[in-house]
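The listed protein sequences correspond, in order, to chains A and B.
Counting with the working numbering, you get residues 1 to 117 for the letters of the first sequence.
Counting with the working numbering, you get residues 1 to 240 for the letters of the second sequence.
These aren't lab readings, by the way, just hints derived from the structure by calculation.
Just so you know, even glycine gets a beta-carbon here, dropped at the ideal spot from N, CA and C.
Ranges between beta-carbon positions, derived for each pair:
#1 Thr36/A - Leu48/B: 25 to 33 Å
#2 Ser49/B - Leu44/A: 35 to 43 Å
#3 Phe100/A - Arg116/B: 49 to 57 Å
#4 Leu50/A - Trp26/B: 41 to 49 Å
Here's a subset of chain A near chain B, in silico, CB distances under 8 Å, partners left out:
#5 Leu31
#6 Met59
#7 Arg109
Listed below, chain by chain, are the residues.
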Amino acid sequence: MAQANDHSARAAHDHGHQPPIRLYLVVWAWLFVLSTFSYLVDYLQFQGYLRWGLILLFMLLKAGLIIAIFMHMAWERLSLIYAILLPPAVVFVFLGIMIFESNYTLFTRLAFFATAP
Amino acid sequence: MARSDIADATVADSRPTRWRSIVTDWASDQRTFKQVSWGKAMMWIFLLSDTFIFSCFLLSYMTVRMSTTVPWPEPSQVFALHLFGRNIPLILIAIMTFVLITSSGTMAMAVNFAYRRDRRKTAILMLVTALLGAAFVGMQAFEWTKLIEEGVRPWENPWGAPQFGSTFFMITGFHGTHVTFGVIFLLIVARKVWRGDFDTGRRGYFTSRSGNYETVEITGLYWHFVDLVWVFIFAFFYLW
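Given these sequences and hints, build the entire structure.
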């Protein structure tokens, strides 16, 4: 019983602050706009660093909006935020390793296997 | 009682500075994630592990694409649809993206109404979310059918590097599976909300425990994550 009271008190405390529906509609509209922009990157046939830069920019903005607002990360305690958002950073180490590995594989293929068909 | 007073005092003390709050949370006894239910913490940790799975998929895709000597098929052309008498690049993928984003929006609003104890609106919004999710899976099935008919296989395709097929089927297949399971979870939780399980304290079939409206938020976390993964797949697989 005490536990139930504690729980409902905590729930009331946590969820007393609910963002207005308007905020979700604004984020939704932004996600639409950003998705349209990323689609236009392809439609307008941007190439090279401009293309990759814009794709990454729109991707990160969309991901940030989804995590912060839709997943309520902006209202969580810092200890949870860091526990969830920091570990994926090690993926960048893996990314670096695999870029190195891919370049090496490509080099060996070009140097030893690539014969004109 | 005294103990919870102390705990509350610790929580209150940890408010002022950012770093102090992290240190006190992680250094405290009993629980690190204060004011976060175990269900929500576990969902976040599951999503973290899922992040690593999709990261590995996308990294393996990057590796085969970077290391192949054969040109990579042009996604813009591969995923074009012939509509209104001309080829529109990536149009189906764009529609799928908008559908999934819309479903995320309706889900976020469902969570909001759940905490306002508005059962009717919560259940309806969750059903709309599930419907949009099902539409997404349907479009994906259409896309798979089209590509398979055009000769795409995990080991070959008519346009270039054979790895295109294997990475495509693996990444979109795994994501589509996630969406499918999400739809099932949404329907189950929507039914509970509709029936008023979280108000009457009705016990769950599998857990024998009574749930509460936070279940809607936890289901929402999973659903938003599926949308989040699609953001990365859209950027790296379809646009790059």
